[in-house]
Each structure stands twice: as C-alpha cells, then as structure tokens.
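Asks: Given the coordinates of chain A, assemble chain B with the ligands onto it according to the supplied hints.
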Amino acid sequence: MTRATKPMSLTVNDRQVGPVAVPEGLMMQDFLHEYLNLTGARMGCGQGICHACTVVVEEEDGTLAEMRTCIVGAHWFEGRRVRTIEGIAERDTDGAVTDLSPVQQAFIEHFSFQCGYCTPGFVIGATVLLDRLQREPVSREDLEEVITEALDKHICRCTGYIRYLEAVRDVALKTPGLVTS
Amino acid sequence: MAAKVSRRGFLKGSAVAGVSITVSSLPLSAAARLLETPPRPGADWLDSTGQPRYRLDALAKVTGAKTFSRDYRAQNLVDWPAEQSHAFMIHATKADRRFEGVDLSVLDEDLQPDRLVLHEDLVADGIAVPNPDFFGDVFLVPKGETPRLLGQPVALLIYHDFALYDEAKRRLHFEEGAVVYGEKTAYNPPPNYGASRYVRIAGERPEEEDRYSPLKDAVIYGSFQGDEVEWPAAGDKDAVARGMAAAAEIENEMEKAGEGTLLLERNYFSQSIDASAMEADNGNVWYDEKNGVLHLMMATQSPYHVAEVSAKLVAESRFALNSIDLKTGYTVGYGTKDHNIFPFFCVVAGLYGEGRPVRLANDRFEQFQTGLKRHPFWMENRMLVDRKTGKIRAMTGHSRTDGGGRANFSFSVSFVGATAAQSIYYLPKSDFSAKAFASRAVEAGSTRGYGTLQTMSATEMMIDEVAELLDMDAIELRRVNVFKSGMKNTQGAIPGGAMRNEEILDRAAAHPLWVNRHDRKRTFEAEHPGRRYGVGYAHTHKDYGTGAEAAVVSLEFDPEGRLYMRHVAHEMGPGVTTSQAVMAGEILGRVPDETEFAVTEWPQMPLETTDEPYTMSQEEEDRRKRNPRWTPRFTSPMSATNSVYYMGHAVREAARALRDFAFWPAARSLWSRGIGGGVLAPFAVHPEELRLAGGMVNAGGMPSLTFEQVAAEAHRMGLVTGVTVHTFNRWQWAEAEFDIPGHGPMRRPIDALAVKYGRQASEDLKQQMTAGGWHFVERANVSYPPIQRNNAGVTYYAPVATLAEVSVDTASGEVTLLNHHSIMECGRQIVPALVSGQLQGGLAMGIGHALMEYLPLYEDGPGNGTWNWNRYQLPRAKDVAAWSQTAEVLEPLSDSDPPKGIAEVVMIAIVPAIANAIAHATGKRFYELPITPEKIREALS
Ligand code: FES
Ligand code: FES
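Protein sequences appear in the order of chains A and B. Residues 609 to 789 in my numbering are what the first sequence lists, from first letter to last. Residues 598 to 1538 in my numbering are what the second sequence lists, from first letter to last.
So here's chain A without its partners, still in its complex pose (with noise of 0.2 Å):
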C-alpha cells in the first residue's frame, strides 16, 4: 500500500508535466529527483540554508523568483512555471546544450567553481539577481554589495566565492541597462 497522494500538473523546463499522482508531503527536490529524473538541484542541508537545491519560478507577470525545493513541498508547485538548472541552457532536441545563458557563460570563463556541487544554485541565484535588476538597476557603487548580499545565501565549500562574484559583476558590467552610472 502506498501513502495519500494527490494529482499535479506544472511546468518544468517549457516541458508540461503531469498530472502525476505525487504523495502530498512529497518535498519538491525529491519530486525533481526521484520522479523527473533532474538532480542538477541539489541536496546540500535539506533545511533550507545552503541554497544548493534552488530553482527559478516564472511569475506570471515574467518576473523571475528564486526558491527552495528542500523546504517547499511539490504541491506548492501545481499549475506553476519551473526552471530548474538543466533548463536554463538552451539545447537542441537531442538535449545537448547548443548555447549557455550569460551567467553560465562567465562562470565557465571565470573557473569560478571547483567541485561544481553548489553550482546550479549559484546559477540560478544569479540568473534571479540579474532579472531584478533588469527591472531594478542599481548604481555602480553599490553594484558589488548588492551582489554580496544576493548570493550571501548560497554556500560554497571549495571556491571562497570570490570567482562567482566577480563573474557577475562581469555580466552585469556588460549587459546594458542593469547598472546606473
């Protein structure tokens, strides 16, 4: 016999899923995990303090949010926009990646991560700041605490942070309209 579940439906990565009988105190990273086969967000804490397990969410009005799958069941998720870490590259129908988006692009080119563990997170933590600052630029002097405090909650074992920062700063610096002189 099996526990209480009830159905859901979202949208994952553009892809429609569902309705999926999901047991109701299901956590969203196990639904990604064990039921969607996508393991890019990560386990870290399971408690919510790393920030190792984020996806992004599409708000309706196209505005992106940052959330934590350890913490928030996947009910929460019914009827939503989801992109998680394997979505955020675009890929061809094969599924190889044809191009990465900018921050992806700059961590690479800055050797910004070791072990790579943390980052999805960190991808996705910065893909969010970058999107708020679209619509919320901020001054120059201010940029990098802003970028500081954005990812202050994403922890890194290996790299002392200093390299994912800086990408950053070098995509915010290059994408127009992002930082006010």
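No wet-lab data here; the hints were simulated from the structure. Check the hints yourself; a few may be wrong.
Here are some chain B residues pointing at chain A (derived, C-beta under 7 Å) [to be verified]:
(1) Asp814
(2) Ser873
(3) Glu876
(4) Val929
(5) Asp960
(6) Asn1465
The calculated lysine-lysine pairs, modelled on DSS-like cross-linking and capped at a C-alpha distance of 30 Å, are [said to hold, decoys possible]:
(7) Lys1475(B) x Lys761(A)
(8) Lys813(B) x Lys834(B)
(9) Lys614(A) x Lys1475(B)
(10) Lys761(A) x Lys1532(B)
(11) Lys761(A) x Lys766(B)
A few chain A residues facing chain B, derived, Cβ under 7 Å [unchecked claim]:
(12) Trp684
(13) Gln742
(14) Pro745
(15) Tyr769
Ideal Cβ positions, reconstructed from N, Cα and C, are used throughout, including at glycine.
Replies: Same frame as chain A, but now just chain B with the ligands:
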C-alpha cells in the same frame, strides 16, 4: 565457482582469490561526454597564451548534468535494473547504555521497512567488517552491547518504494524512542590508537650530521597503559633509548636555561570540525546474485580501496561473488571520502536488496552524525629563545588528539601533526610527541590539513607572542629563525628543492598592510569608536604527498597527428584533468585531442603489487623488486594535493619519452632528407635544441615542421609512437633502466614502461607488442627509495603566508575580516586560474576554522543527529573579504620548476594570521579555536 583470472593484473597480490575487480568512472551522458574532451576540439580550448579557456568539466557542471555519484539512480546506470530501492539507518545517540533493539512502532503498518537488517543478521550471513583495526569491529551495534561511538548505526532499513522510505525516514527522524536502550554501562570505545615521538638534536652547525634524529636513528613509539602513555626508558642500549635520553637532555636544558633566554610555555586547542563537503556521503549498490556480481556506484576518493575491501567483505560472507564492478562519478570530500567506512554500509545494504539496487545517501544531519571529522588537538608547547638574537634554541610540543570511536587514520594524523609542528623554523633541538586517543566521539579521519593545520597554527601563534615578549618585529623574528634550503627538518631529513621562505618574508615585511599597521590602527580606532583594529601575519608550509604516490599515464599519437592521453587520475574539483592535459601540451607543444581520465584498464602494464608500501620490510622489498613486474603500489588515493605534482610527473615523463623517442628522430629524419644529408647536414643540431610549441616542431634554425608531419614520419619509420609509464614516489622517485629498441638502455624516473611502435614498424618490433597491443619493456636495475625514507616524514613542501586585517567590535565581540593578502610559492603554476581558485577556497575554509566552525565532541556533538548548517556556521560570501582580498605568487626560479601541491597549505596560514590580528587588535591572546564573539567579549570584559 571457477577461479577467474583478474582483469586487473596488478591486483593479483591483494585481491580476494577468484574475484575479478573493475573500477571505472562513469561514462558521462552523451551531452556531458563531449565536455571531457575540449568542446570544440583542438587548439580552440587554449587561448593565445596556452592557457585553457575553461575547465575540461566546465560545461557538464554548469548545466546541471549528472556528474556527482549522488546524481545517479539505478535507471541511469547501464545494465542495472531500473527499480531503485532506498535505505537509511537508525543511529545510537547514547554511548553509555546497552543497545536492546529497535522499536518501529511509530511507523504505521505500511511504513514498516521491506527489509530490516540488524547486527545479528550480519553475523548469520557471515558479514564482518573487513579491516576491524581500521574500521572498527562491527558495522551495527550488537544487541546487549554498548555502542562504540555516538552515531553508530544500530539498524538498516530498506524500502522498495521511495514515497514510503521518505515518509518513514521523516517519522523516525529525532524519534528518540526508536532505539531501545538497557542498563547504563561504562563507555565502550576501542583501545587507544598510538603514540609516537620525534626527537632531534642537531650537530654543532645545521650542515653537520645530527647527533640524534628520527631519520638517522629512530622514531620512538609509546605504549598505552589505559589512558596513560608509557615511553621507553632513556639509556644507551639502542636507538630508542638514546632518543629518550636526547629528549631528557632537551628537557633539562629548558629547565636550566636562565638569564638571557625566554622560555615560553603555552597550551593550545584546535577544535573538531566537519569538512562539510556539499555532496554528503552516498552510494548505490546492486548485488546481482545470479551472476555473483556486486555493482557499486560510489562517492569515494579511494575507489580502488573500496573495490578491494568490498571484495573481501562479500567473499567472506555467504553471498557468492565472482566480480566487483565499481563506478564513481565526480565527488568531493576534502579527505573525508578517503578510507571512510560509509561505502561498506552501502555494500551491506546492497546485499539485502533482494535483487534490487539499494541507494544509501546521507542527509545533512546524518552526514554530521557519521562523516569523518577533522581531529581536535590539544597541544602543550614550549619554546626556548635567545633574548638577544631571537634565535630558537629548542622547542618541544606534546599533543594529544581524540580520534573518536573508529581508528581510521588517527594515529597517522597525530604524528603527521607532530612532524609539522616546527612550521617554517629551523630548530636545533626539538622533541615533538603525539598521542592518538580513542573515544565515543564520531571518528575523525584524513580531513584536509591532516594534523598540520592544528600544530602549525599553534606554533605560528606562539612565535607571534614570542616576538611581542622580545619586543621584536614578528616578521623579523621569523627571518632570524627561518628554515633554509639544505637544512634538516625535525625528522632529520633535508627537504627537496629550494626553500623560498625568506623571499616570502621580504615581501610580507614590505606589504602596506604590515608597514602601515600601527598608523592604520591609530586612525581606524579614532574613526570607529568601539572597534579595535589589528593586523596579523602567519607563515606556514605544508608537505604534500603520502610517501607512496603511484600513477600511470599513457600518451600516444596516430599517423594523422592526433594525440591521445589516458590517465588513472580522476577529478575531484581542483581541476586535475585540466592541468594534466595542459602539462602534456607544455612538453609536446600540443594538448591532447582526446583525454580519458579515471582509466582502470591497463593491459599494457601487467604489474603486480602487494600494496604495502609503508609496512613491507626492506628485505622483502629487495627480493620482490627483482621481479620486473612488481611495484610497491599501483595507484594512490586521489587528493587535490597530490595530483598536480605526483600525477603530473607521470604525464611529463610520458611526454618526454615521446619527445625523445619519436619527435626528435622523426624530425631529424625529415630534415636529413635529400642529397648530402638534406638541410640538416651543414648544421650541428642537438636534441636539446628541439622545440615543440604551438603545434610546430623546430630546432636550431631548421625549417619548421608541423606536429602532423613529424607524427606521420614517426609512424612511417616505425618509431615509438605511444608511451605508458608507471611511477612511484616514496619522498623520492623510483628509477629504472629500460632498453628501448633503437635507443639502448636509458635511466628514467619511472618504474615501468610500455611502448607502442608506429604503423610501419618492422615485424620484429610488432611481435613484441603482446601486452594489449603494447610492448611492455622489462626494466633493469630498478632503485626504489629505501623504506627508511618513510621516517623522513616529508620532503616536499609548499609555503603560503597570509596577512590578515581585522576589526573587533568590543561590545559584541564580533570580528570583521577587513582584508587579507597571501603570498604563495608553488613552483611553476600550470593553470594560474585554478591555483588562485584553490587559494581562495582554502582561505575561506581557514576563516571558518579560525572564527566560526565548532563541534562539541560527545553527547552534544554531531553524533546526536541534530546538527546541520543552521547551528554549524560556515563562512559565507560576506565573511571572506571577497572584494578586497589579494594574493601574489612567487615567480618560479626557472621554467623547469615542477608545480607543487598546494590544496592543503592554502587554508592554514590564515588561521593563525587571524588569531594574531585579533591579538594585535585587542591586546589579548586567544589559545583556543575558534575565536568566537563570546570568547572575545569575555576576554575584554
Ligand atoms: S538543500 Fe535546500 S537550502 Fe540547502
Ligand atoms: S564548487 Fe564545490 S561546493 Fe562550490
């Protein structure tokens, strides 16, 4: 069962008879696969200065592809059944009561496990811990016995349905009643782990022979009487007795030294920490009973060890075993996934999977509860210093560590700590001892730093205090005592190569943070009432390597000039794969077109090993080495530190051999074409003039040739076109002679060689290519560094110094790291971006150790299952002075300097530098890490 021949010949000596073993890294999924080779193959991967544009594994990691072992489920593993079972364990949180059983009554009927495994089941099935002296005597606590350690598992629960597993695990979490305890008993830890002592008295001058040293005489071992260590008696009957007499002499000198000297006595404490690798321990195991195959997908830094020990575990049980098939993904552990017991719990879970793959994956609470910790050290140091000159006359340091409830590497960590305690100073007389105790704490293991962070931090805090007491500049005092090239360390060994600590001291002394520290303090404190300002300096160097480093690499090219590299190393984060490919390119003028790492099939290297590189007697090694197919060790555990130097040596030797045996003769042949000896004849061109760069081959003014042209010629001539080397280092390289057809015998710093001949080689040559299509060239006159060399402890050092600038809030005790600057010497950097990334990462870890991270050892500690990163604080982006920190790296002495392993040393100097900065800021010394706001508030109140 018919005894099969091992597919890995080199395992013959140690593997379980009749069980074949394969170890491999997982082929990445098609999308990620192309990332392992440069995404746009060839030169495009490198920029115009020869530096890679990104890591070889960059694309996979940045796009969320399955890379870590943790990412794989049964359905992702080729040939595995798709249904995945899941397991978790229930852990004891009391170590002073008998374990009576488990009570699963909080679980509804449908949440009961499909399979519950207890110690008694393991006994019935003949499952025992394979190396009890290392891993402890039992997996699960037997009924009626007191757990050895806090957090020890008592039961294993297997579920065939994820949702049920998930729910049951959640219900049982923090459910104290699940473990039934009986009467109160004494604690039940294993016996203590070991005590050792390193005594040295130099001759009159540093260059003279030592009067006594561990290398020349003996390392002294103590024996435990309960919790007391008994050292041997002093006397002159043997080396050990003379060593104890030497220790007494040093003690005596310290007691008697009066006028004109400073004798500083200080006790230090360095805490237990959890390395908190983001990927928690995990494994997935499928036991295919029908075919007797154990399949493992395991997060481990020592895959060969896991495979061998698993073979032993299963072969001795009632479960039939023909072969082991171990796969690994990427993993990260900072040493905590090296020789940990967790993989064997996974194996046990797999055996009870009833034909299904079983996944056992720690959550963060469980990782705190069971993952290997960094050893806490208590150190009692004494330093005798000449007041006038500042010269250290003698230093003693007696440390004890608590290794917790499984032996693991505790003894070794304790003595490696003792051998590092001298930091960067030359000590004419020294006596360092280490005691490794057992306890009910979660066990500690080979966590990054390996005992040296603890002892060197203490010494660096101590030297800072000595400077203050002598009213000397702390950098100047270091200069007076600095260890120079050719001097002997506290083991009596002379470290290899140049020691460049003086250059680092010069740079630090001239750095604005140091020069302006007094002025800055005045202005800062005037501008920030309630805050104190301080700058601290510390300088350490760390050995790298294990004293038994082995590697195997092959390089070959085809007639079209495509270059292939195959390497035994696997990636763990620091960019091993990237830098190894770049190193081949430095010698051959071309990076490999295709690379394959974590290669485990080496048919061209039919070597045998006993894999006892530390413990074999000299006699036996002398006897065994006559067999040209014997080597002390086939491959060593991967760590970030050993890769660049030790693994790189194999790459460079293979590349040099190709250059000498293929490119030089083939290029000569092309240049000598034509009447009268061609363009070469009028010139005298020597092999050392050969230049391979940018895909071109040049020498002494000859017309440029392309790599492809020369490659084709080498194949046409039937020259050597592929080289596989095996290397071994015991603080020195093994060497041997190889008779290569057409070249005659030559000596190389490798202990095995196989070559491949070009497409148009003579039949004679081709007939010799019988080892998987290669000619295994039997060696002659091999020399392995003597076993006594193990006593040297270490001979390879890399130094890092750090200046830290802090401010301290006197009301809250909060420390703000304003800035830091590091100076490093790492030989020649292969990929500077990777080196600086490692430095930045190490500094962050050190910041955590100095200021935040702390674990109580026992009942309140991680073994109780309530620890996570909410209460255990890790450094965040805001804590590391991210935008202001700087670093410089000394230029190599020449472009032939080898690269040095720096993964461990980078995190050490920042720890005492911060402590010294806080002392400068507050005027108070702190001897216990971490230095928390509470401790500061208390000291300032
Ligand atoms: S795993 Fe979700 S925040 Fe740490
Ligand atoms: S790169 Fe390893 S945790 Fe961030």
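Asks: Against chain B, with CB atoms and a cut of 7 Å, does the hint on Trp684(A) hold up?
Replies: violated, 16 Å
Asks: Go through the hint on Asp960(B) and say holds or violated, using the shortest Cβ distance to chain A against 7 Å.
Replies: holds, 5 Å
Asks: Quick one, is the Val929(B) hint okay against chain A at 7 Å, beta carbons?
Replies: holds, 4 Å
Asks: Is the interface hint for Ser873(B) satisfied, with its Cβ closer than 7 Å to some Cβ of chain A?
Replies: holds, 6 Å
Asks: Run the distance test for Lys813(B) versus Lys834(B): straight-line Cα separation, threshold 30 Å.
Replies: Cα-Cα ~16 Å, so holds.
Asks: Is the straight-line distance between the alpha-carbon of Lys1475(B) and that of Lys761(A) 30 Å or less?
Replies: holds, 10 Å
Asks: Just to be careful: measuring from the Cβ of Asn1465(B) to every Cβ in chain A, is the smallest value less than 7 Å?
Replies: Holds. Min distance 5 Å.
Asks: Take the C-alpha atoms of Lys761(A) and Lys766(B), compute the straight-line distance between them, and say whether it is at most 30 Å.
Replies: Status holds; Cα separation ~27 Å.
Asks: Hey, does the Pro745(A) contact hint survive, CB to chain B under 7 Å?
Replies: violated, 20 Å
Asks: Within 30 Å, alpha carbon to alpha carbon, are Lys614(A) and Lys1475(B)?
Replies: violated, 42 Å
Asks: Against chain A, is Glu876(B) within 7 Å by beta-carbon distance?
Replies: With a minimum Cβ separation of about 5 Å from chain A (threshold 7 Å), the hint on Glu876(B) holds.
Asks: Is the shortest C-beta separation between Tyr769(A) and chain B less than 7 Å?
Replies: Hint on Tyr769(A): holds, closest Cβ of chain B at ~4 Å, below 7 Å.
Hint check: violations occur at hints 1, 9, 12, 13 and 14; the rest are consistent with the structure.
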